[in-house]
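Each residue of the sequence shown is one higher than the one before, counting from 101 in my numbering.
Hints are not guaranteed to be accurate.
[Unchecked claim] With a straight-line Cα cutoff of 25 angstroms, these simulated DSS-like cross-link-like pairs (lysine-lysine) come out:
id: 1; residue 1: K174; residue 2: K143
id: 2; residue 1: K202; residue 2: K163
id: 3; residue 1: K143; residue 2: K163
id: 4; residue 1: K163; residue 2: K185
id: 5; residue 1: K143; residue 2: K202
[Unchecked claim] Estimated spans, in silico, between C-beta atoms of each pair:
id: 6; residue 1: P186; residue 2: N154; range: 26 to 34 angstroms
id: 7; residue 1: Q209; residue 2: L111; range: 29 to 37 angstroms
id: 8; residue 1: R198; residue 2: G115; range: 15 to 23 angstroms
id: 9; residue 1: T214; residue 2: G155; range: 23 to 31 angstroms
id: 10; residue 1: S217; residue 2: T128; range: 39 to 47 angstroms
id: 11; residue 1: T128; residue 2: R165; range: 25 to 33 angstroms
id: 12; residue 1: G155; residue 2: R198; range: 15 to 23 angstroms
id: 13; residue 1: D171; residue 2: E205; range: 19 to 27 angstroms
id: 14; residue 1: T128; residue 2: S216; range: 35 to 43 angstroms
Hints were generated in silico from the structure; no laboratory data involved.
C-beta atoms are modelled at their ideal positions from N, C-alpha and C, and glycine is treated no differently.
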Amino acid sequence: QVQLVESGGGLVQAGDSLRLSCAASGRTFSSYAMGWFRQAPGKVREFVAAINWNGGNYADSVKGRFTISRDNAKNMVYLQMNSLKPEDTAVYYCTARRLGVKEYEYWGQGTQVTVSS
101 QVQLVESGGG LVQAGDSLRL SCAASGRTFS SYAMGWFRQA PGKVREFVAA
151 INWNGGNYAD SVKGRFTISR DNAKNMVYLQ MNSLKPEDTA VYYCTARRLG
201 VKEYEYWGQG TQVTVSS
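Using the sequences and the hints given, assemble the complete structure.
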C-alpha cells in the first residue's frame, strides 16, 4: 500500500513556474513507477508525465516545459512546471504503480494549479 500526498499548487500568471511535490509512504518506493496526471474542469483526467527505472516521459502538451524527477532516498516525486499557460490549469494528481502492473494503482488527493492570462 502506498499513500501519496501532493503539495505546491497555487495561482500563478502565464509564463511563471511552479514545482509540485508528492510525498509517498512505504519502504519500497524505488520499485514503483510514478506519474502525474491532471484534470481540468469538464474534462477527463489526462496523463502529464511519468518516471520509472528507464527515465521520464511526457505528454506532448508539456514536453520541453515540464520536468519530472524523483528522490528515492526521500520518497519524493517532483514536477517542475515552467512557462505555464492558462491551459495548464487543472487539479494535478500524483500516482504510483508497482513493477509489472500496467494501470496506476494509487492516487493522491490532488493539488490545484491555476494559471491566469
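Results of checking the hints against the structure:
Our distance criterion of 25 angstroms between C-alpha atoms is broken by K174 and K143, whose separation comes to about 33 angstroms. The hinted pair formed by K202 and K163 meets the criterion: a straight-line CA distance of about 22 angstroms does not exceed 25 angstroms. Distance check on the hinted pair: K143 and K163 sit about 20 angstroms apart at the alpha-carbon level, within 25 angstroms; holds. About 13 angstroms separates the Cα atoms of K163 and K185, which keeps this hinted pair within 25 angstroms; it holds.
Taking the CA atoms of K143 and K202, the gap is near 23 angstroms; set against the 25 angstroms cutoff, the hint holds. A C-beta distance of roughly 32 angstroms is found between P186 and N154, which places it inside the suggested range of 26 to 34 angstroms. For the pair Q209 and L111, the beta carbons lie near 18 angstroms from each other, so the given range of 29 to 37 angstroms is not met. For the hinted restraint 15 to 23 angstroms between R198 and G115, the CB-CB distance of approximately 38 angstroms leaves it violated.
Between T214 and G155 the Cβ separation comes to about 30 angstroms, which falls inside the hinted range of 23 to 31 angstroms. Between S217 and T128 the beta carbon distance is about 43 angstroms. The supplied range of 39 to 47 angstroms therefore holds. With their beta carbons about 31 angstroms apart, T128 and R165 fall inside the hinted range of 25 to 33 angstroms. For the hinted restraint 15 to 23 angstroms between G155 and R198, the CB-CB distance of approximately 18 angstroms keeps it satisfied.
Evaluation of the 19 to 27 angstroms hint for D171 and E205 yields a pass: the beta carbon distance comes to about 21 angstroms. A hinted range of 35 to 43 angstroms holds for the C-beta pair T128 and S216, which are about 40 angstroms apart.
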